[in-house]
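Engineer: Model the full assembly from the supplied sequences, consistent with the hints where possible.
Taken in order, these protein sequences are the chains called A and B.
The first sequence begins at 1 in this note's numbering and counts up one residue at a time.
The second sequence begins at 1 in this note's numbering and counts up one residue at a time.
These aren't lab readings, by the way, just hints derived from the structure by calculation.
As the structure is a prediction and not an experimental result, all values here were calculated from the model.
Any given hint could be a false lead.
Unchecked claim - Derived DSS-like pairs: lysine-lysine, alpha-carbon spacing no greater than 30 Å straight-line:
| id | chain 1 | residue 1 | chain 2 | residue 2 |
| --- | --- | --- | --- | --- |
| 1 | B | 88 | A | 59 |
| 2 | A | 57 | B | 66 |
| 3 | A | 73 | B | 78 |
| 4 | B | 28 | A | 59 |
| 5 | A | 57 | B | 78 |
| 6 | B | 28 | A | 64 |
| 7 | A | 404 | A | 175 |
| 8 | A | 209 | A | 226 |
| 9 | A | 64 | B | 66 |
| 10 | A | 73 | B | 75 |
| 11 | A | 59 | B | 66 |
As the list claims (entries may be wrong) - Calculated Cβ distances over 10 Å to all of chain A for the following chain B residues:
| id | residue |
| --- | --- |
| 12 | 23 |
| 13 | 28 |
| 14 | 31 |
| 15 | 42 |
| 16 | 46 |
| 17 | 83 |
| 18 | 92 |
Glycine included, every Cβ here is placed at the ideal spot set by N, Cα and C.
Next come the chains, spelled out residue by residue.
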Amino acid sequence: MLSRLICYIRGYLRIRIAGYSTERFLNACRHRGIYLWGLQAVSGAYEMNISISGFRKLKPIIRKTRTKVTIIKRSGLPFYLFRYRKRKLFFAGAFCFVFLIFWMSHYIWNIDITGNSTRTDETLLEFLKAKSVQNGMAKSDVDCQRIVKDIRKEYDDIIWVSASIRGTKLYIRVKENEDSPSVSAKGNPKQNGEQEENAGQPVDIVADKSCIIESAVVRNGLFQTKIGAKVKKGDVLVSGQIPVNNDAGEIIGYQYHVSDADIIGKTALKYEDSCLNTYIEKEDYDICKQEYYFKVGNIRFTLGGIQNDYENFTLSGQQWQLKIFDNFFFPVYWGKRWAVPYKPHEKQRRKEDLQQILTERFVRYCEDLEKKGVEIIENDVKIYTGQNESSAKGNLTVRMPIGKEKAAKLLKIPEKKEEAEKETGEKTDGNDGNSH
Amino acid sequence: MKAKRQVVSSREEHSFKNRLSELSELPKDVVLGIPMLTMVGQMELNIENYRGIIEYTDSLIRVHTKDGQIRVNGKNLKVEYYTNDEMKVTGHIVSIEYVNLTAPS
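Structural biologist: Have a look at this one:
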């Protein structure tokens with residue numbers, strides 16, 4: 001395949017050799033290193049392919065062997081270009097093509113992310129976009145080291161990142177920490193970033209809800225309350241400042257820590273939900289107005305229309321965006337919109353239906369809470385049916401993780417006391433001196 | 001004829017170059033300059049170490065080698081390429097004959 005391509009680019013001829021000693025011609029060609037291929041015997045003569053440079057060397061051989069050479073066909077790029085030499089636009093196009101390929105190969109055309117299972121490609125791409133790493137950027141502007149550092153800094157659960165450019169594609173490989181629990185359990189990554197920034201500063205855990213403390217596992221910091229104690233929102237549960245006492249039991253300083261603890265508290269959550277007793281039933285007319293459109297940037301070309309004289313109609317649409325590879329989107333859209341007019345009828349909901357709707361919503365709410373690690377101990381949510389709307393109201397008693405991290409207010413070392421003591425000491429010394 | 005062939009083969013076997021190639025474990029086609037033929041089924045034949053084409057038609061190719069001629073009989077025979085080192089014959093090959101073998105010098 002490759003040799004054929006090379007032959008095509010260099011150009012070759014199909015020639016016919018006829019005469020007395022054609023075999024001698026072949027041997028002479030071989031002797032002079034002229035490459036022949038596609039040799040075929042055709043009614044007393046030979047047909048073969050020969051390169052242009054080989055053909056130029058044939059003259060003495062032809063004279064010596066007294067053979068006759070006829071060119072049957074000229075093939076290859078040099079002949080093709082010669083034939084169309086007057087078509088200037090064609091050459092301009094060819095030049096443009098080569099130039100575009102060359103120019104476009106200086107940009108990133110695709111970002112390939114692999115190894116991520118808890119974070120989606122979209123999340124990472126959005127983050128990279130915020131750091132101005134995106135499709136269409138110049139390859140020279142990509143700083144792989146910077147990308148690696150940024151990702152490592154932003155996401156704590158990603159323990160290894162590699163970024164490399166191959167061709168026009170930016171490859172990002174990540175390795176996630178499989179041992180760590182879910183990402184959201186410890187708050188969003190921004191907080192983690194803040195933690196890093198606050199390194200060396202104490203961080204407390206404060207109550208984010210009024211509750212009764214049920215259990216506490218403190219890994220770092222000083223527990224400030226007791227099991228069974230009632231705490232209010234904003235109370236410090238675990239302090240990041242651990243006092244250092246001297247022999248006399250006086251505080252002489254504080255060790256700063258970033259508090260870390262799992263605290264479970266019992267608290268009450270208020271639940272309220274409502275639903276209208278009536279609903280609107282749509283009776284569709286047998287009409288459908290359709291519109292096809294094509295959008296480039298803000299310019300829109302449409303075919304058909306959705307305008308109608310009806311008061312109510314349902315408008316639906318479907319849109320596609322032009323993209324190459326998996327994630328390189330162009331601002332070119334096409335799609336379809338359609339409007340179906342309808343006649344609204346107000347209808348009363350049955351009591352059972354209302355109950356079912358409200359119950360389903362409540363069950364979904366409970367499920368969401370359980371996913372967050374909240375244990376529901378008691379609930380007194382009841383459904384009240386009114387004239388216009390029905391509602392579900394009540395309180396839930398739950399056992400849930402309590403506490404959020406907060407930068408601690410620095411405590412002052414009680415210096416005044418020491419100073420006062422020093423002063424009194426001096427006085428006593430003085431007194432002693434006097435007595436002697 | 002049979003007796004002569006046997007003589008030839010025994011001479012070939014005992015020649016100095018042959019012994020040398022056997023001792024040095026060098027390939028015989030390089031040391032002795034004898035033709036090397038490689039066949040793929042009945043449709044492809046590679047000939048190396050040849051001197052030239054004596055006759056070529058679509059049913060017979062006669063190739064001149066150091067020790068004599070090689071006759072390739074077949075149908076629709078075509079020379080795919082033809083260089084200083086080797087040639088490739090394609091088509092339906094029926095038989096290959098070695099003729100006019102002489103004793104190696």
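Engineer: Now, for every hint given, state plainly whether the structure supports it.
Structural biologist: Verification of the hints:
1. B/88 - A/59: 26 Å, holds
2. A/57 - B/66: 27 Å, holds
3. A/73 - B/78: 19 Å, holds
4. B/28 - A/59: 38 Å, violated
5. A/57 - B/78: 24 Å, holds
6. B/28 - A/64: 36 Å, violated
7. A/404 - A/175: It holds: about 28 Å lies between the C-alpha atoms, which stays within 30 Å.
8. A/209 - A/226: With Cα atoms ~16 Å apart, residue 209 of chain A and residue 226 of chain A stay inside 30 Å; holds.
9. A/64 - B/66: Between residue 64 of chain A and residue 66 of chain B the Cα gap is close to 24 Å, so the pair holds against 30 Å.
10. A/73 - B/75: Satisfied, since the Cα-Cα distance of roughly 26 Å is no more than 30 Å.
11. A/59 - B/66: Answer holds: residue 59 of chain A to residue 66 of chain B is near 29 Å, not above 30 Å.
12. 23: Per Cβ check, residue 23 of chain B is outside 10 Å of chain A; nearest 33 Å; holds.
13. 28: 23 Å, holds
14. 31: Residue 31 of chain B clear of chain A: closest Cβ-Cβ about 23 Å, beyond 10 Å.
15. 42: 19 Å, holds
16. 46: Consistent with the label, residue 46 of chain B stays out of reach of chain A, its closest Cβ about 14 Å off (over 10 Å).
17. 83: 6 Å, violated
18. 92: 15 Å, holds
Consistency note: the structure conflicts with the earlier hints numbered 4, 6 and 17.
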